[in-house]
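A.B. asks: The residues making up each chain are set out below.
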Amino acid sequence: MSRRHKRRHRHVGLRTRTKPGTSPGTLLVDPAAPKPVLRVMAYGPDRIVEREGISPEDAREYLGHWPVTWISVEGLGDATVIEELAEIFDIHRLALEDVVNVHQRAKVEQYDGLQFVVAQAASLDQDLHTEQVSFFLGADFVLSFHERSGEPAFELVRDRIRTSRARIREEKADYLLYSLLDAVVDGYFPVLEGYGERIETLEDEVIHKPDNEIIFRIREIRRNLLMLRRSTWPLREMLNSLLRDPIPHITDSTRVYLRDCYDHTVHVIDILEIYRELSSGLMEDYLSSINNQMNQVMKVLTIFAAIFIPLSFIASLYGMNFNTKRSPLNMPELDWYWGYPFVLLVMAATAGGLLWYFRRKGWLGGGAKTPRVDSRSTDAERREPTAPE
Amino acid sequence: MSRRHKRRHRHVGLRTRTKPGTSPGTLLVDPAAPKPVLRVMAYGPDRIVEREGISPEDAREYLGHWPVTWISVEGLGDATVIEELAEIFDIHRLALEDVVNVHQRAKVEQYDGLQFVVAQAASLDQDLHTEQVSFFLGADFVLSFHERSGEPAFELVRDRIRTSRARIREEKADYLLYSLLDAVVDGYFPVLEGYGERIETLEDEVIHKPDNEIIFRIREIRRNLLMLRRSTWPLREMLNSLLRDPIPHITDSTRVYLRDCYDHTVHVIDILEIYRELSSGLMEDYLSSINNQMNQVMKVLTIFAAIFIPLSFIASLYGMNFNTKRSPLNMPELDWYWGYPFVLLVMAATAGGLLWYFRRKGWLGGGAKTPRVDSRSTDAERREPTAPE
Amino acid sequence: MSRRHKRRHRHVGLRTRTKPGTSPGTLLVDPAAPKPVLRVMAYGPDRIVEREGISPEDAREYLGHWPVTWISVEGLGDATVIEELAEIFDIHRLALEDVVNVHQRAKVEQYDGLQFVVAQAASLDQDLHTEQVSFFLGADFVLSFHERSGEPAFELVRDRIRTSRARIREEKADYLLYSLLDAVVDGYFPVLEGYGERIETLEDEVIHKPDNEIIFRIREIRRNLLMLRRSTWPLREMLNSLLRDPIPHITDSTRVYLRDCYDHTVHVIDILEIYRELSSGLMEDYLSSINNQMNQVMKVLTIFAAIFIPLSFIASLYGMNFNTKRSPLNMPELDWYWGYPFVLLVMAATAGGLLWYFRRKGWLGGGAKTPRVDSRSTDAERREPTAPE
Amino acid sequence: MSRRHKRRHRHVGLRTRTKPGTSPGTLLVDPAAPKPVLRVMAYGPDRIVEREGISPEDAREYLGHWPVTWISVEGLGDATVIEELAEIFDIHRLALEDVVNVHQRAKVEQYDGLQFVVAQAASLDQDLHTEQVSFFLGADFVLSFHERSGEPAFELVRDRIRTSRARIREEKADYLLYSLLDAVVDGYFPVLEGYGERIETLEDEVIHKPDNEIIFRIREIRRNLLMLRRSTWPLREMLNSLLRDPIPHITDSTRVYLRDCYDHTVHVIDILEIYRELSSGLMEDYLSSINNQMNQVMKVLTIFAAIFIPLSFIASLYGMNFNTKRSPLNMPELDWYWGYPFVLLVMAATAGGLLWYFRRKGWLGGGAKTPRVDSRSTDAERREPTAPE
Amino acid sequence: MSRRHKRRHRHVGLRTRTKPGTSPGTLLVDPAAPKPVLRVMAYGPDRIVEREGISPEDAREYLGHWPVTWISVEGLGDATVIEELAEIFDIHRLALEDVVNVHQRAKVEQYDGLQFVVAQAASLDQDLHTEQVSFFLGADFVLSFHERSGEPAFELVRDRIRTSRARIREEKADYLLYSLLDAVVDGYFPVLEGYGERIETLEDEVIHKPDNEIIFRIREIRRNLLMLRRSTWPLREMLNSLLRDPIPHITDSTRVYLRDCYDHTVHVIDILEIYRELSSGLMEDYLSSINNQMNQVMKVLTIFAAIFIPLSFIASLYGMNFNTKRSPLNMPELDWYWGYPFVLLVMAATAGGLLWYFRRKGWLGGGAKTPRVDSRSTDAERREPTAPE
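Residue numbers (this note's numbering), protein chains in the order written: chain A, 1 to 389; chain B, 1 to 389; chain C, 1 to 389; chain D, 1 to 389; chain E, 1 to 389.
Note that these hints are calculated values from the structure, not bench results. Heads up, a few of these hints could be off.
Intra- or inter-copy, both count: the list cannot distinguish identical chains.
In silico SDA-like links for lysine to any residue, alpha-carbon gap of 20 Å or less [to be verified]:
#1 K209 with D263
#2 K107 with A95
#3 K209 with R359
#4 K35 with I221
#5 K35 with R148
#6 K209 with E197
#7 K107 with R359
#8 K209 with M283
#9 K172 with R60
#10 K19 with R158
#11 K172 with V49
#12 K107 with R236
#13 K361 with N212
#14 K172 with L345
#15 K209 with L94
#16 K19 with I269
#17 K107 with A32
#18 K209 with R360
#19 K172 with G281
#20 K172 with S23
#21 K325 with W336
#22 K35 with Y62
Note that the coordinates shown come from a computational prediction; the quantities given were computed from them, not determined experimentally.
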């Protein structure tokens, strides 16, 4: 159970918090987190340089000499490196705390000269993973922090930068920030696709194989969609703020792209809300399905019991030991020539009558389903909505 | 299952997306989509010309020479044609991406000189189909893109244009845009009518023939109403924005018409929300209906069991093999002259008593339903609300 | 079924729509609607004239010669008459379309010189009826359109006008408009009263006579309350707009009255929302009631089965045909002197023990209900909330 | 039933309305209401006079001669007295209608020179009672109308006024109005306390004695909380309006007190919403409880049936009358020496095996509950949240 | 029961209220509350003094001589001490009432020269405890009131103050206020963690050991989350007001920290809402689980009954006492040589057939669960969302 606990608390960001009452800006580094690796990519329209595994001091040297410098820090497992960077880039302690204390809501904050942007990325294999990505945007640089290394969507952005004549090479640092945020937002689509498929699978199973275990899976999906919701709504707010607020370093031509990115976020949220509504219908379907199944079980029981109980009664009637010799009134049937066949006939008639009764009630399957098909086909015959005159 | 998957993802626009991290404005044309067919309709109050199947270059020639030129592109299956048009009309890459990457939310966006309008049209045969229609409004032209060819509602607009002296011939391009949007909005009414009928059919079946399969149909309706909701609410926002924002090319006299179109959208949304509420009551009704049915089954079982079990017990009592000869206390009834008839009488009395008991409890049908009719007729006798004095 | 379909679609205004793509302002008159009857009432503080069944041309003559002229058109079944009126009063085509295409949301629209006001009136006999009432307010006239003739509440307004020295005779046309709107709004109160009674009746029946048919009635009420909601919320918006917006022809002294009318609408909505909440609890109550009933059925079954099954077993035990002569171990009880009474005693003890067990579990009625009464009386003994010191 | 009807309609204010279409400002006095009794209390910092049972004309004489005059009218059963007062204080007809037609929403309305304030007071004995209290605030007087006489909370305010040197004696009329409103708002707290206790009682009973009758009591509570909600939300709006709007006669020092009163209203609403949520969980709990109980019943039935049915089968097997003499294959067990003991043993083994099976399934009570206690104690062992370092 | 009552009413603040109608600002001290203990901590960048258990008069002496003075009052059980302090610090009576009458909503109020801030702290051992903390912020002092002594989070703040060179020593009184509020807000995280674990435990038990008692625990959690919600939402509002409103004594550099504190509150609320949603799914899961269990019980019953009832019938058939000598038609099987084995065979075949039927229906466990695993693994095989090209 403890493993699951940890996972949950990680999701909502409870485990890695400092004690209440401690000084603000305390960096609480998770020792199990990967150690930070610095990569620099400095480029202009016609030249580019890339280096990996450098020290913070090395990174400083690119600043001011290139149109755009992108310093990315992958892994947050070493407070010293992060604090060195904070000093070089003059980062406020509270912003730094937010970088390390992952599971912040997406937000934009202005510290003089620097824009601090936080976003939550998501990916899905068996489980849902969320990763905080933090950006500092300066006049000519983007400094990005990632919880883990190797965000594949960011590799594609790097590839675009490496391509000479790519638009991104012509643009400023704000366009780089946009490209990275766009990669984060677009990363939600495959995650949603995954949940779409899972919901669909569950929608079938909930009817055809309802068992207790399915509750766990429905619950898992609902919880994860809740988590995604918690990541995406602030993302939308954050992008809206980037789009509308007078933020230095962000040019009007980039705002057009940010608006597109904002639209994608709205699309993500739309789908998410649809999936949330679909998944919240699953439990209802499950309950109906169980009840329906119980109904079937009850019918089988009732039919068996109702048919055989009277028959057994008749049989036990003639099992009574009344002394037929003492009185001609005492079960004379037992001595009839046709007694036994007659009783068998009575039994068969009783059973037949009951079967007919249950069939008429529709409990024996069959007729109940046919009319539905008709109703559907009449739907199909409805007049076309906009047939030309 | 894969067929259904595809359909669902198409609805929410997940399948046709580019990879996260790729460059914005990438056109991802669905190769299975129909190839684009261009039609031009250029008209003024007293002259009109129509051509079909032309090339983008041909279309360019009408611009500037006619009061209104309508270039419609039906089918989005060829990126080259679309990019040629983008060049001619000076369309921003992001707008172009939105045209091709269907399943955008309805929206208005201003690119200098051009108004970009996206809307989702809907139609219903067996399934719900949504189609994105995109418009670019210039000073004297409308450029429209349709996913598929042959929107019948648009043919009616063409017919109105062909009629000389029609109001639409006197008006500018903004009125044409209004007419097309109005056709899109009004196309929702027959769709809603279809769902109204389906809900009504289900409302009957849910009570009279509740089975598991009905859950699928309720779910289908609820999902489609969700999809419609996702199409119509942004439509309302978009029309409101067209109505209120200072958008060039849109005149005040057309705004009066757009207000009417906006009212229609509100009407659509009103009905949609009513249908959503009705459909969300269906599962509840279904569950109640199943439970009620189970109740009936249980009553039948209980009546059978409760009547025959005591009778069987009496019969088996007299089936015991106590030695009546050893002791006069051992089942002397077996030797009585009236023994058998007496036992039959006891059995009949037991059965009769139980039947009376169950009838009094109202389990045998009958009396429970009559009072309701009275209560209804008293409703009818209520005094008229506004009888004249 | 078709009759019900028609009724439903009428409610939400789907059946009478024009085809998507047709020209705006097309009048689609329902041929089954009653033919229009014109009535004129022209009055001032000290004189009054009334005429009925006149032509549109006749109506024109009153305009400008009386302080207030009220032309009312009852019935919308003839497009010619309505169009003639439109010409006389210079009514915009779109407003005219809204008059004829009933089931508009309540709204105020300004067309130069004319205020166009739409409201939905409601009445209840067996079914809920809604009727659209449209008003055009000019400087010295009110032109009203009614779907059907003979709104009784309007007759009361006429009576007030006929009374000399009535306040309404002193006031302008805006006060007449207010009086008619007030009559429309107050007409909702008896409708709500009717639903209050129906809900109360259902609240009893849902517990005491739960059957499938009750689902239909609950659903009917919920749907009608939904419809009423759709009528009343826009009514409130409309009145608020009349109250706050700078609308010509509406004087400040009339605004005080409109504020009162607005308060009434809010009262209507308050009650409506209470009834909606009460009615949405009905299905829940019904489900609980069915489940409770099933519980009772199950208890009866279980008690019968659990008591008689062991007894039957004992009886059938002694019905076995073991050869008592072969072995003294084979059912010696059968040959005992007190065998039969002993077995009867065992049976009685078994039955008694089980009865005691079920009584202790509270399944046999009785004790379970008494404590509740106590708990209620303790409620009554609570100290009075605001007893004087 | 009629008694309950009346009560309900009174609550929502439906019964005492005028007919739709009648003139605004019509006073519809309930003849069963108590006749009005006038009390005057005129006071300043150092003198005070009190009179009861006076005529409206008497009341007029105090005006203008005292710093504060409080005229209270208890009972609304006589239109003449009320109209006389209206004339003396120059009250608008619509305000007067609102005074008499109780069940208005709380509100503040300005009529020139006079502030009209309506509030709903609540009290609870067996049933919930609401009473409308209306106030007119002038420069140096408060005129209050009460549905019934003897609001105990108001007596306490009188006592405070009677105390010389009390703060209230130093203040103006607006402070008196505040004191009365504060008494009204604080009167909700004991009502809520009463509902808190009722909900708690029901929470126990719903689990331990679920029966149909409990549905009525849950419903009663939910309805009353709905009614309270309808009273309190407008109260909050009203107080907010008194607090923020530029209302003459209300001084800034009194506004500080009104803010406190507003805070109390928010507190009332907070508790109310908590109780509403708790009470809406009651039906769910009830349903779960019934289902759980049915589960228990089913288990008892199943255990009895499953154990005895096989035993009975074995017994009836050996009750068959096969002729053991004809063939040694025909039930030779019947002639065995150990036949009967052997069969008894088989039966005991069968019963034992089934009991073991049901115990292992946890249907026989016992072990299922123990682990929960452990889980709770582990909760207790969690580390203290804020232990000092 | 009374103990629980008290606890509940304490939570919502009902028990400690004054009577409706009493004078505002009346201090109603709970005599059982701990007596107040005063502690003073006066500090500047380079000096610090601490004293405990002093009198209000002693406290006065520090004011004005130190950069920051923090007077904390722990325990509210003595009105005299509190009123003495009120006089020294010139506190408004209404603010004082709010300090003593705990269970106020969090709020900021400005009294001239003093900022009054109320917050609710929470802690969790077995039960949830909330404590009101009130602050008065002056130019150079913070006066804090605590319901109980020894808030551990505040001890940590004291430790930080005691540390020379700590940032808090350099800052003004507003930073101290921030530090204390931050401690209050961060105190919610361990509480939420506790509820996270409880919900998780319940999520398991609800499926594996559903019994009535679990309803109480779910209800307890839901109520406590409601209480937390009531505490935290106003906290957010309060912090937002501190952050945005022009409040004297609060500097811009502290506002940056308050923004961080506000973010934490939003985080708390986010998690709270997730937990509320999760806990509201618990009852649904419970109901499904019970129904599923009942389904299992019913299947067992049905299988037993359906198999043995026909067998018993066959057995009782041959227990009938027809006279085989009178007629060769009367049960000739009884005299067959292979009669008994033949009947046993028929019985075995019947039982086997029924078992096969039930297995095919999936009622005997087994195959129903295997396909799910497959479906999951297909999920895993989905293509990685952002694989590099």
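A.B. asks: So which hints don't hold here, by number, going up?
C.D. replies: 1, 4, 7, 14, 15, 17, 19 and 22
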